[in-house]
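Student: So you can see what is in the structure, the chains are spelled out below.
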Amino acid sequence: MKIALTCTGKEMNDNLDLRFGRCSYFIIFDSEKGVSYTLENKGQSSGGGAGIAAAQQIIDEEVEVVISGSMGPNAYNLMMSSGIKVYASKELPCAQVLESFNKGELEEITQAGPSHMGMGSGK
Amino acid sequence: MELTVISGKGGTGKTSIAVAIAELERNTVKVDCDVDAPNFYLYYDGNDASCEDFSGGKKVVVDEELCISCGLCQDACQFSAIENGLVDFLNCEGCGACVLVCPTQAASLKEEKTADIFVTDTGKGILSRAEVEIGSEGSGKLITILRKAAKPYTDGKITVSDGSPGIGCPVISSITGTDAVLIVTEPTQSGMEDLGRVVTLCRQFKILIFVCINKVDINKQISTEIEEYCLEKNLLLAGRIPYDDTVLRSINELKPIIFYSESPANEAIRQMWKTIKKEIFKD
Amino acid sequence: MRALNIAILSGKGGTGKTTVATNLAEILQANYIDCDVEEPNGYIFLKPENIMNVAVEVECPDINMEKCILCGECTKTCQFNALFNTKKDILVFEKMCHSCKACSIVCKTKAITFKPRKVGVIEKGEKQGLICMRGVLDIGEAMAVPVIKKLLRHTPVGLNLLDCSPGTSCNAVSTLRHAQGALLVTEPSAFGLHDLRMAICLVRKFDLPFGVIINKWDEKNGEFLERYLDGEGIKILGYIPYKREAAEVYSRGEMVRTIPAYQQAFDRIASSCGEVFQWN
Ligand code: SF4
Ligand code: SF4
Ligand code: SF4
Ligand code: SF4
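Chains as they are written, first to last, in my numbering: chain A, 962 to 1084; chain B, 200 to 482; chain C, 44 to 323.
If you are wondering where the hints come from, they were derived from the structure by calculation, not from laboratory data.
Honestly, I wouldn't trust all of these hints.
As the list claims (entries may be wrong) - Capping the alpha-carbon separation at 20 Å, the derived lysine to any residue pairs in SDA-like fashion look like this:
hint: 1; chain 1: A; residue 1: K1051; chain 2: B; residue 2: K258
hint: 2; chain 1: B; residue 1: K356; chain 2: B; residue 2: K258
hint: 3; chain 1: A; residue 1: K1046; chain 2: A; residue 2: F1062
hint: 4; chain 1: B; residue 1: K473; chain 2: B; residue 2: E431
hint: 5; chain 1: B; residue 1: K454; chain 2: C; residue 2: T198
hint: 6; chain 1: B; residue 1: K258; chain 2: A; residue 2: K1046
hint: 7; chain 1: B; residue 1: K258; chain 2: C; residue 2: K248
hint: 8; chain 1: B; residue 1: K350; chain 2: A; residue 2: G970
hint: 9; chain 1: C; residue 1: K110; chain 2: C; residue 2: D181
hint: 10; chain 1: C; residue 1: K110; chain 2: C; residue 2: T129
hint: 11; chain 1: C; residue 1: K130; chain 2: C; residue 2: M108
hint: 12; chain 1: C; residue 1: K119; chain 2: A; residue 2: S1006
hint: 13; chain 1: B; residue 1: K347; chain 2: A; residue 2: S1006
hint: 14; chain 1: C; residue 1: K119; chain 2: A; residue 2: K971
hint: 15; chain 1: C; residue 1: K119; chain 2: B; residue 2: K356
hint: 16; chain 1: C; residue 1: K144; chain 2: B; residue 2: K405
hint: 17; chain 1: B; residue 1: K405; chain 2: A; residue 2: E1069
hint: 18; chain 1: A; residue 1: K971; chain 2: A; residue 2: S992
hint: 19; chain 1: C; residue 1: K248; chain 2: B; residue 2: K405
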């Protein structure tokens, strides 16, 4: 199973990034192989629709679980429709977050934040 | 701890209040997320500790040597922004349609600089701010980067952010991850509507909300309505700031309102900040 | 007689742009066009009647899933993240879409066609023989520019005052394209001057004749602003005083020119406008 964590840096001991669409990196942990790799979040650099771009990246990586702080409804709905589970955590080092996840201590997000898709300038 | 001061629309006195609060504490970190009217920094002198270019999007550029003036680009462009390889930059949306049809690869998309980001040492704490170019505006991306620029300085300090106006992407980027918001509203017909919209927004992000009515006495009836609304929605009304000519003077003299001892607005803001601190640091 | 469009601009929100535009429209017997489509407030004060509506529509992709082979080319091409490949189908995030049609250029199977989608409305009414128009962007919609473009495509004949979006964003730029002159509203503060400078840069880019109106005028503090404008060779068209009474009148949705001092101020501004823009 592949688990994606939104991260402020490239390493497992960097803190979890609380934003999904505009997080700096994704750390993808493959639990079968026991290895992880880091991806730069493409959503971060896009003017609008950051959550959508980030979600596309997650789906393209065939991830099954995402851990972040919160998630906008566009991204959340995309996760749901692709059968990806989303868990929420506090701003702690990713290694620690992953550990809590493995112990079953994290809460699954079952409801999205508000939609701001396309509000404001959309830019 | 980060407090973000927002208001549904411009001109409610949001910046004056943000500056006042920033000055009531020592060495606060300041972030000016109101990039379309960046007035926060006018109160401070200081040295720019760093300056970086910000690119908010792409625009098309045409390599004149490769362009054969075939005109295919203008047929593809939905915004009348290009004509035989000549680009009208203010109209170009950077969609790339022309790039796709250009037979000679003369047209390509390039990142366009839309703002400068500054981190300024004011001598009274760090201030991060942006200067946006004409025809561009604040975006969620720009606000995110502004807040990130201030982040290394925030440890153990109070951060006061002057939030973006409206309810769009920029304001969402200015409130995600903040500890509390202070919504500044005015007792006017549109003020009430705007308040409702920002409250809904902040609620959805589960952020601690404080409300403050500025110029509370210019329309008693609407002020009462706002108070009732706060009660009904279980919102903490942290301050009622009276109409005060000194505020205009304070803006003109670029001296935060808290330095005018005779000012009733000053008194009200100090009181409000006490209320907010008590609530935030209660445990 | 043709249309003469004068844009009313301000560097930022809350400087009294709408107050100036609505009061001047009545005094100059000009049509009023509210181009601040995200927050069109002018109607609160002018209260026009017999309003007719026309919808503003944009074109949005319609994907024929029978033809689509899920190649993902369109999602990669879209610069605005409006398309999403779930691997089962292609989703369109309509509000993100700029209607650029780049996606249909790259689709090899011709699966993408376009259908209209409403994003706002143009309202046209009248008040004592003057035309009042405004564009209203639907709530939750992002792109104001298509509404502004449609609103200004056919402006009424005669003198029109265009109430712009605040600031110097692309919305203000879209309005200025249709203007033959501009009135800049500012206030005598360092804030005001800072934002005014940006607005001046903008109108100079368009090479329009313009003048400045100083709102919330305060003789004691305004001298620096006059000095700046004088140095730049910019004409001051008039001064509007700052009175608590006006804030009260405004908060009730009434016209400030019901206060005599304001009527006088606007009369003076109206006559100096005539000198700058030379209408007849
Ligand atoms: S399509 Fe390319 S070659 Fe043709 S006019 Fe445009 S830029 Fe020039
Ligand atoms: S990038 Fe898009 S908007 Fe810009 S000129 Fe090309 S087709 Fe037109
Ligand atoms: S480019 Fe055409 S065929 Fe390919 S995914 Fe998009 S709509 Fe489907
Ligand atoms: S029309 Fe342009 S903005 Fe809309 S989906 Fe297609 S490529 Fe994206």
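Student: Enumerate the violated hints, using their earlier numbering and listing them in ascending order.
Tutor: Violated: hints 1, 2, 4, 5, 6, 9, 14, 15, 16, 19.
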